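Student: Mind docking chain B with the ligands on chain A? Use the hints.
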Amino acid sequence: MVKLRARCLVVGDAAVGKSALCHTFYSDGTLFQKNYSMTTGVELIMKCVNIPESSDSVELYIIDSAGKETLVETCEKMWGQPSLLCLVFDLTSQQSFANCSCWMERMAAHCKGLQIQGVLVGNKSDLSARREVQESVAKEWAQSQGLEYHETSAKEMENCDAPFRRLAQAFHSLYQQRRDTIQNLGPA
Amino acid sequence: MFDSVGPHVVMAASSDENHPPENITDGNTKTFWISTGMFPQEFVLRFAEPTQISGVTVDSYNVKHLKIDKNTTQQASQFEPVAEKEFECTEGQLQSNYISLNGSSATQLRFIIASGYDHFVSVHRVSVKY
Ligand SMILES: Nc1nc2c(ncn2[C@@H]2O[C@H](COP(=O)(O)OP(=O)(O)OP(=O)(O)O)[C@@H](O)[C@H]2O)c(=O)[nH]1
Ligand SMILES: [Mg+2]
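Read top to bottom, the protein sequences are chains A and B. For the first sequence, position 26 matches number 26 in the UniProt record's numbering, and the numbering has no gaps at all. For the second sequence, position 74 matches number 74 in the UniProt record's numbering, and the numbering has no gaps at all.
No lab work stands behind these hints, which were simulated from the structure alone. Keep in mind that this is a model prediction, so the values were computed, not measured. Each statement offered as a hint is correct.
Not everything, but these chain B residues come out facing chain A in the computed CB check (under 8 Å):
hint, residue
1, D16
2, F32
3, G37
4, M38
5, G92
6, H119
7, F120
8, S122
Anything over 10 Å on all C-beta distances counts as not near chain A; from chain B, calculated:
hint, residue
9, D26
10, E49
11, Q52
12, K67
13, D69
14, S77
15, E80
16, V82
All C-beta atoms in this analysis are idealised placements derived from N, C-alpha and C, irrespective of residue type, glycine included.
Next up, chain A with everything else stripped away, as it sits in the complex (with noise of 0.2 Å):
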C-alpha cells in the first residue's frame, strides 16, 4: 500500500469556473454554486483519490487560486512547489484560452525546473451555443504543451472528476516509474 501527496495547483483567468471545478469534485456532485463568488487569494482543498486496481492512494493537496490579475501576484506567493497542474479556460471565452499561455508561464516559474504534469480543463460545455473555442483547437494546443485535455460542466456535474482523476494516476505511475529507477541504481 502506498499513500501519495501531491500538490495540485488549479489555474486560469477569473470566473472559468475553477472553483466551481474543485468544489463539485470535492462534493462527488453534490455542490454547484450559481452565484458568482470571487476566490481572492487561495483556497486549499483536500481530497484522496483511490487508484483502480491496486491499494494507493494519492491524496490531492487542491490549491483553487484566484484568477483575477490583480491578485494573482499575492497567490502565487502561496503556491509553494506544484506536483501537478490544472488549468482551466471558459468554453465560451476566447480570452481565457488565449490567455492560458501566460498561465503556463507564471507556473514555471515555480517548478523550479521539475517537470509538472498536467491537464487542460475546457470549463462550461452545457453552454453549447456560446461556445467560442473548439475542441480540436484546444486539444491541439493541450498537447504541444504536454497536456492532456478534458472538457467539463460543473453547472450539470459532467465530467468533472475525470481532471483529478487522471491527475492523481500520471502522478501514481510515475511514482512506480522513479521508485523502479531507484531500486536499480548503481552504488555512488
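Tutor: Below, chain B with the ligands alone, put in the same frame as chain A:
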C-alpha cells in the same frame, strides 16, 4: 568509526510500506526509504542518550537541499539548526555526501529535505561518525 546500527528512525513523513524509514538505518544501501510526494520531507534519528557526533554520511538519490536540526533534550519540539548542504545531481547512481556536525552533542537529529531534483527522492543510508 562508522556505525549505522546506533541510532534509529523514529518518524518519517512518507509512506510506502515496502520502503519503510527503517531502511535508512539498516546499514544497507540496497534498501531505501522513498518520499511519496511534496516537499519538504523529513525524518528523525534518535540516539539512546546525548551523543557527540562528528558528522554523518548520507547516501541518497535526487536530494537537492538538505538541512539538519538537532535536539539535546528529549522534548521533540526543541530543535536548532546545525548544518545544511546542497547536494549535486548524480543521474543513474547514488549520491553520497558527508556533512560535518563538528562534534555537536545531540539526542535527535532531524533531516529536512527541502527540495529535490525530482518529485520523489530516496535515502538509502545514514551513517554516523562519532
Ligand atoms: N453554465 C455554467 N456556469 C458555470 C460553470 N462553472 C462555473 N460556472 C459559473 O461561472 C461563475 C464563475 O465560477 P467560479 O467557479 O467562481 O470561477 P473561478 O474560476 O473560481 O473565478 P475566480 O475565483 O475569480 O478566479 C459562477 O457564476 C459559476 O456559477 C459551468 O460549468 N457552466
Ligand atoms: Mg474561484
